[in-house]
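Visitor: Listed below are the residues making up each chain.
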Amino acid sequence: MARRAKGASEINAGSMADIAFLLLIFFLVTTTMDVDTGLARKLPPMPEEDVIQDDSQIKAKNIYVVLINSNNQLLVENEFMDITQLRAGAKAFINNNGRNPESSDNPQKAIISLQNDRGTSYETYIQVQNELAAAYRELRDAKAMQRFGMMYADLNKTQLKEIRKEYPQKISEAEPKNIGN
Amino acid sequence: MSKFRKDSKKDTPGISTASLPDIVFMLLFFFMVTTVMRETTIMVQQSLPQATEIQKLEKKSLVSYIYIGSPVERMQGTYGTKARIQLNDAFATVDDIPQYITAERTARDEKEVPFMTTSIKADQNTKMGIVTDVKQELRKANALKINYSTRKKVQ
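Protein sequence lines, in the order shown, are assigned to chains A and B. Quick note, the first sequence lines up with residues 0 to 180 if you use numbering that gives the first Met the number 0. Quick note, the second sequence lines up with residues 0 to 154 if you use numbering that gives the first Met the number 0.
Please keep in mind that the hints were generated in silico from the structure rather than gathered at the bench. Mixed in with the good hints there might be a few duds.
[Said to hold, decoys possible] Below, simulated DSS-like cross-link-like pairs (lysine-lysine); rule was C-alpha separation at most 27 Å, straight line: (1) B:LYS126 with B:LYS55; (2) B:LYS152 with A:LYS169; (3) B:LYS144 with B:LYS58; (4) A:LYS60 with A:LYS108; (5) A:LYS164 with A:LYS90; (6) B:LYS58 with B:LYS81; (7) B:LYS58 with A:LYS169; (8) A:LYS90 with A:LYS58; (9) A:LYS142 with A:LYS90; (10) B:LYS152 with B:LYS58; (11) B:LYS126 with A:LYS156; (12) B:LYS55 with A:LYS160; (13) A:LYS156 with B:LYS151; (14) B:LYS144 with A:LYS164; (15) A:LYS160 with B:LYS144; (16) A:LYS108 with A:LYS156; (17) B:LYS126 with B:LYS152; (18) A:LYS142 with A:LYS60; (19) A:LYS160 with A:LYS41; (20) B:LYS139 with A:LYS169; (21) B:LYS126 with A:LYS41; (22) B:LYS144 with A:LYS90; (23) B:LYS139 with A:LYS156; (24) A:LYS169 with B:LYS81; (25) A:LYS142 with A:LYS169; (26) B:LYS58 with A:LYS156; (27) B:LYS55 with A:LYS41; (28) B:LYS139 with B:LYS126; (29) B:LYS152 with A:LYS90; (30) A:LYS41 with B:LYS152; (31) B:LYS144 with B:LYS59; (32) A:LYS156 with A:LYS58.
Between the sequences and the hints, there should be enough to build the whole structure, so can you do that?
Guide: Below, the structure is given as structure tokens:
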């Protein structure tokens with residue numbers, strides 16, 4: 000009380016540095032800037048030189064052929080398709096379970112074959128990859144919801160494996176070739 | 000009540016500026032730390048395509064990058080506008096990729112080699128031709144884990 004009469008004393012700033020450093024360390028630990036994101040894929044190993052590729056044991060009806068030409072147009076199962084319909088188309092194909100005799104037998108056998116031209120833009124290619132991945136993700140989500148009552152991303156390892164076995168993501172990228180100019 | 004009034008009659012003491020340097024240093028450090036120092040100068044245009052089904056790229060130390068795109072504006076005079084591949088700090092051709100992958104592998108621990116990922120950072124305007132060539136080279140080099148670098152799509 001006696002000191003106050005002399006005027007407010009200076010606030011002790013000695014601990015300011017400590018607080019500053021505390022904050023600094025907090026930000027240092029928590030910030031993760033520039034997180035790299037992307038679509039993870041696995042390339043098929045290079046075929047052996049002397050082995051002739053034999054695709055004949057895969058029935059044609061189990062392959063969903065997606066072609067992209069140099070004008071970024073899609074030809075899906077020999078029909079022109081807009082990219083917005085691709086997700087629904089792929090889902091219907093994968094989840095056919097033999098209902099339509101022209102489509103896949105079951106999700107385990109279903110293969111999506113993706114072929115692109117050298118002139119296809121990378122952006123379109125990624126869009127297509129994204130739509131196909133989304134189709135699989137939606138099917139897996141639906142299955143996971145039905146079986147475990149959870150979204151696919153929230154499942155534990157064994158559950159993930161089970162769903163993944165049910166819906167294996169088989170996106171095959173054919174050997175590069177030129178289609179259309 | 001009278002206690003408070005007595006105080007307010009006096010001049011309010013000036014705010015101490017002794018801590019200002021600390022605050023400034025704190026901000027300085029913060030920006031110093033968060034600014035990612037790129038190991039490589041990117042010499043190709045990089046506007047990445049957008050996607051929704053993206054995954055985070057874990058374990059950055061195990062990732063090797065391949066940049067594809069047309070050279071940035073200030074280099075177009077010397078290198079033209081045709082899409083090019085950049086490995087580390089220099090432009091490269093597809094034939095340099097196996098060597099690059101080998102170099103990346105030898106730089107890592109042997110146990111970690113199977114987990115190495117190659118991130119393809121291609122500009123969205125590039126044509127698939129060059130990307131396909133890169134992919135073929137990666138297959139030959141047996142670097143099969145790849146990641147198409149994309150940004151998160153904002154709806």
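Visitor: Verify the proposed pairing of B:LYS126 with A:LYS156, using a straight-line Cα cut of 27 Å.
Guide: violated, 38 Å
Visitor: Taking 27 Å as the top limit, are the C-alpha atoms of A:LYS90 and A:LYS58 close enough?
Guide: Given that 27 Å is the threshold and the Cα spacing comes to 19 Å, the pair holds.
Visitor: Is it true that the CA of B:LYS58 sits at most 27 Å from the CA of A:LYS169?
Guide: Within the cut-off at roughly 25 Å; holds.
Visitor: Regarding the pair B:LYS139 and A:LYS169, is the alpha-carbon distance no greater than 27 Å?
Guide: Holds, at about 21 Å.
Visitor: With a cut-off of 27 Å on the C-alpha distance, tell me whether B:LYS144 and B:LYS59 pass.
Guide: Holds, because 14 Å separates the two Cα atoms, which is no more than 27 Å.
Visitor: Between B:LYS152 and A:LYS90, does the CA-CA distance stay at or below 27 Å?
Guide: holds, 21 Å
Visitor: Take a quick look at whether B:LYS139 and B:LYS126 sit within 27 Å of each other, Cα to Cα.
Guide: holds, 21 Å
Visitor: Holds or violated: A:LYS60 with A:LYS108, Cα cutoff 27 Å?
Guide: holds, 10 Å
Visitor: Would the hint linking A:LYS160 and B:LYS144 be met if the CA-CA limit is 27 Å?
Guide: Given that 27 Å is the threshold and the Cα spacing comes to 20 Å, the pair holds.
Visitor: What's the verdict on B:LYS55 and A:LYS41, does the C-alpha distance respect the 27 Å limit or exceed it?
Guide: holds, 15 Å
Visitor: Going straight from one Cα to the other, do B:LYS144 and A:LYS90 come out at no more than 27 Å?
Guide: holds, 25 Å
Visitor: Is the straight-line distance between the alpha-carbon of A:LYS169 and that of B:LYS81 27 Å or less?
Guide: Violated, at about 34 Å.
Checked against the numbered hints above, the structure breaks hints 6, 11, 23, 24, 32 and satisfies the rest.
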